[in-house]
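There are 2 protein chains.
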Amino acid sequence: MEQLQYQEGRTEISQLGKVALIDRLTEGTACQGDDCAVLGDGPLKTLVTTQTLVEGVDFDMMYTPLKHLGYKAMAIAISNIAAMNGTPRQALVSIAVSNRYSVEALDELYAGLHLCCDRYDVQLVGGETATSRAGMVLTVTAVGEVDATMVTYRRGASHNDLICCSGDLGSAYAGLLVLEREKVTYQADPNFQPDLDGYDYVLERFLKPEPRMDIVRSLRKAGVVPTSMTDVSRGLADALLHLTRASKCGCEVYEERLPIDYQVTRVCSEMSKNMLPVSCALNGGEDYELLFTVSQKDYEKIKTLEGIHIIGYVTEEGMPPVMVTPQNTTITLRAQGFQGVEE
Amino acid sequence: MEQLQYQEGRTEISQLGKVALIDRLTEGTACQGDDCAVLGDGPLKTLVTTQTLVEGVDFDMMYTPLKHLGYKAMAIAISNIAAMNGTPRQALVSIAVSNRYSVEALDELYAGLHLCCDRYDVQLVGGETATSRAGMVLTVTAVGEVDATMVTYRRGASHNDLICCSGDLGSAYAGLLVLEREKVTYQADPNFQPDLDGYDYVLERFLKPEPRMDIVRSLRKAGVVPTSMTDVSRGLADALLHLTRASKCGCEVYEERLPIDYQVTRVCSEMSKNMLPVSCALNGGEDYELLFTVSQKDYEKIKTLEGIHIIGYVTEEGMPPVMVTPQNTTITLRAQGFQGVEE
Chain S
114 MEQLQYQEGR
124 TEISQLGKVA
134 LIDRLTEGTA
144 CQGDDCAVLG
154 DGPLKTLVTT
164 QTLVEGVDFD
174 MMYTPLKHLG
184 YKAMAIAISN
194 IAAMNGTPRQ
204 ALVSIAVSNR
214 YSVEALDELY
224 AGLHLCCDRY
234 DVQLVGGETA
244 TSRAGMVLTV
254 TAVGEVDATM
264 VTYRRGASHN
274 DLICCSGDLG
284 SAYAGLLVLE
294 REKVTYQADP
304 NFQPDLDGYD
314 YVLERFLKPE
324 PRMDIVRSLR
334 KAGVVPTSMT
344 DVSRGLADAL
354 LHLTRASKCG
364 CEVYEERLPI
374 DYQVTRVCSE
384 MSKNMLPVSC
394 ALNGGEDYEL
404 LFTVSQKDYE
414 KIKTLEGIHI
424 IGYVTEEGMP
434 PVMVTPQNTT
444 ITLRAQGFQG
454 VEE
Chain F
114 MEQLQYQEGR
124 TEISQLGKVA
134 LIDRLTEGTA
144 CQGDDCAVLG
154 DGPLKTLVTT
164 QTLVEGVDFD
174 MMYTPLKHLG
184 YKAMAIAISN
194 IAAMNGTPRQ
204 ALVSIAVSNR
214 YSVEALDELY
224 AGLHLCCDRY
234 DVQLVGGETA
244 TSRAGMVLTV
254 TAVGEVDATM
264 VTYRRGASHN
274 DLICCSGDLG
284 SAYAGLLVLE
294 REKVTYQADP
304 NFQPDLDGYD
314 YVLERFLKPE
324 PRMDIVRSLR
334 KAGVVPTSMT
344 DVSRGLADAL
354 LHLTRASKCG
364 CEVYEERLPI
374 DYQVTRVCSE
384 MSKNMLPVSC
394 ALNGGEDYEL
404 LFTVSQKDYE
414 KIKTLEGIHI
424 IGYVTEEGMP
434 PVMVTPQNTT
444 ITLRAQGFQG
454 VEE
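Protein chains in written order, with this note's numbering: chain S, 114 to 456; chain F, 114 to 456.
No wet-lab data here; the hints were simulated from the structure. For clarity, every value in this text was computed on a predicted model and none was experimentally measured. Hints are not guaranteed to be accurate.
You can't tell identical chains apart in this list, so a pair holds if it fits in one copy or across any two.
As the list claims (entries may be wrong) - Okay, derived cross-link-like pairs now, EDC-like style, lysine to aspartate or glutamate, Cα gap no bigger than 16 Å in a straight line:
(1) K131 to E241
(2) K131 to E217
(3) K131 to D220
Using the sequences provided together with the hints, build the complete structure.
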């Protein structure tokens, strides 16, 4: 029999970083690093994406109602279809659970999955359950479709394209901060009643995100096909780095243009003097908004669309991705993205 | 905010059983309980399947080389495509790993995934890596295609159809028994050198199964479309129960017709007087052979095909699924399937 898995060398995953690791593992394959795999040779492309959430890493059972978890897992998968300018059609769900979960708990989880499927007109067509020794692992595979002429990759941005994002940024992270704060207080004193009044917007953004299919539809209606697109799952900085790296370009975004809700500002001011709302937007993650670029010629079509913000423009190859502050300072963007609830 | 997940009632998953649980969770959806979801309205159907393997449940790192694990995970997903009479085309891989794994370890895992993809002409088109707090979770999504006229479901078997299986049964479970035995001895004495000579066939069957695409091709060449099909992943009894339940029929299989390798007999005789090779075949699992039914009119076409065994026939609705022993005793088949390495 072959020898077991121990290797001569040992490189830690953290030394390499996640992007370099995926590059290394998928070298020489058709993996493009987009939000979905794009299949088919015909005029209609099939999109497939798979998303795994692990208990204790991607979600914390202390403050994640199972119905919300089901909704969110499906929403994340659908968001990947939206990020390719596609329409979601079907989904498969695999769960691995330990016997800590009751049948009623799984009913709740599925109620959330079904609710999200119904809202986005997705058919749940398959899946399986497996046994986990510890905690829950939830995998959602979503299948969608898109006209071959309409599919948007990360790699299509060109010099001078406008950079746009939907909705607002940093809210989901602010919601997570509130939940983590209340959890710590509750753990210190189990009689403590969490007070979540006035945080409902940021909590909802964290616990029950919505994939921006409305933005996909309004771009179609306006006759705009973005030159590149991705969803903002690990913060704006990470999304911009992926887009500019894939498109071989730089970018310049303006801090004062970033859409940030007032509840994010409130949460930041409560947490620490050093916590800035713009950091939540850049590095927070889990917003599931769309980040995309459009050609300058589409400016007239896009400028009045609701829920879309023009935050900057694409610079030449070789230029770094930067943010310009209101004081006109230029800050080079780096990946510091959100790595799960533990960090 | 909504209340957290605690329910009034509590039903244990084990009370309900896995099949009833999946039925309950997917009630009212398009889930058919087949090996793949079948998508598309055109003449060519798309098949999608997702398979999750959890460390400590579905595999034990003590005796699972990572390259084998990668190969096996891909093979299982491809086997689901084979079970629908399809051709695999693409795959996506998601892994969640803790920092216990090095980059080199993941290289090994991917080497196995790639090897299996190459052998079965599958393109690795996407995937993601996530963080796991404990152990590894590996999800493979496979996409395939099949002519709408050729797709085989579990539900198509009719009275008097012949029941066939490919290869042999029980070998993978015999391989697992050997590995578990050597593990126990090794744990008692770390200087012990496992002796695996003479078990190579059953070990290979457990550690590196092959999806039976060769059988799919030889059936096509012979012009036979099975009336129903599934793969044997949790033992023959479980597969027959799924097939007869979906097809609303009974079945009769003959013990002496079951293909069982001599190494299975050898392992059983070493383990215990009470361990019967036929139990490995019925309840062992992980063989990934194909179980299918064909119309009697296809008997001439099928009888000489290599690697295919006719093991019984389909009985009427209302009849139980049974096995007839050489002594002409009739045993009703029950699901006692393999639930992972812990059982």
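Treating 16 Å as the Cα threshold, decide for K131 and E217: within, between, both or neither.
between (36 Å within a copy, 14 Å between copies)
Reference check for the pair K131 and D220, CA-CA at most 16 Å: within, between, both, or neither?
Intra 34 Å, inter 14 Å, cutoff 16 Å: inter-copy only.
Alpha-carbon proximity context of K131 and E241, limit 16 Å:
between (28 Å within a copy, 9 Å between copies)
Every hint from the earlier list agrees with this structure, and none is contradicted.
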